[in-house]
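K.L.:
Got chain A sorted already, so can you dock chain B onto it with the hints?
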Amino acid sequence: TQLLEQSPQFLSIQEGENLTVYCNSSSVFSSLQWYRQEPGEGPVLLVTVVTGGEVKKLKRLTFQFGDARKDSSLHITAAQPGDTGLYLCAGGWSSNTGKLIFGQGTTLQVKP
Amino acid sequence: DSGVTQTPKHLITATGQRVTLRCSPRSGDLSVYWYQQSLDQGLQFLIQYYNGEERAKGNILERFSAQQFPDLHSELNLSSLELGDSALYFCASSPRQGHIRDTQYFGPGTRLTVL
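As they're listed, the protein sequences go chains A and B. Per my numbering, the first sequence runs over residues 1 to 112. Per my numbering, the second sequence runs over residues 113 to 227.
I should point out that these hints are in silico values taken from the structure, not numbers from a laboratory. Cβ coordinates follow ideal geometry from the N, Cα and C atoms, glycine included. One or more hints might be untrue.
[Unchecked claim] Okay, the calculated bits of chain B under chain A, using three or more residues with CB under 8 Å as the criterion:
#	region
1	149-158
2	162-176
3	199-206
[What the hints assert, rightly or not] Sample of chain A residues lacking proximity to chain B, with all beta carbon distances greater than 10 Å (derived):
#	residue
4	Ser-7
5	Glu-17
6	Asn-18
7	Val-28
8	Gly-52
9	Lys-59
Looking at chain A on its own, in the form it has when it is part of the complex:
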């Protein structure tokens, strides 16, 4: 059973379009992180959100944590080919461990 469901699994868009990736769960998390992974490399942390309703912006990327801390979204404005990659959400609990549960990932392709 996948605790974190990401949608869509695949997204292919043209440069300049906007997109949103969703990360949903029936579990409450203490934190929700978004990572980006490129082929042949390990995931790289983009952002951590910890407060219900929290919104964080990273240039053209906007991250939101749901009020109930069960879901999150990643919105990219005016996507660029450099945004191409695998986007992963990961949920954590405040139990003095760093254990993370990852979603299946969203593969984004931005065509020039």
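P.N.:
Relative to chain A, chain B alone:
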């Protein structure tokens, strides 16, 4: 470059064999995490060590074991290998034993192929 190193980068072996994957965390990081990434299961947490002690366990098979040494490097041992163990194995490190705001820094991974 995350500062986390993993060796080897690629490993090809046969079913039934045993292999050891090695990870050196970022300088100063006390926690090491192991993850398995496969096409069907995605990125799965296996185990965490903090300052030499096991801290958390995930979906780690009994055929797999890990340890963290006094110099903080870690090894993941995979034995009685099966075809389904073919995957990317990532190591990550973080400064503390675990905090909701902590960043985990991932290494480049070891690609294991079991034939």
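K.L.:
If a hint holds in the structure, say so; if it does not, say that too.
P.N.:
Here's how the hints hold up against the structure:
Residues of the region 149-158 of chain B with a Cβ under 8 Å from some Cβ of chain A number 4, which satisfies the need for three, so the listed coverage holds. Check on the region 162-176 of chain B: 3 of its residues sit with their Cβ under 8 Å from a Cβ of chain A, so the three-residue criterion for coverage holds. For the region 199-206 of chain B, the proposed coverage by chain A is satisfied: 3 residues have a C-beta within less than 8 Å of a C-beta in that chain, meeting the threshold of three. The beta carbon of Ser-7 of chain A sits about 14 Å from the closest Cβ of chain B, which is more than 10 Å, so the claim that it is off the interface holds.
The non-interface label for Glu-17 of chain A is consistent with chain B: the shortest C-beta to C-beta separation is roughly 26 Å, beyond 10 Å. With a minimum CB-CB distance of about 26 Å to chain B, Asn-18 of chain A clears the 10 Å threshold, and the non-interface call stands. The claim that Val-28 of chain A lies off the interface holds: its Cβ sits roughly 12 Å from the closest Cβ of chain B, which is beyond the 10 Å cut-off. Non-interface call for Gly-52 of chain A relative to chain B: holds, since the shortest CB-CB distance, roughly 13 Å, exceeds 10 Å.
Under the 10 Å C-beta cut-off, the non-interface status given to Lys-59 of chain A relative to chain B holds; the minimum distance is some 18 Å.
Of the numbered hints listed earlier, not one is contradicted by the structure.
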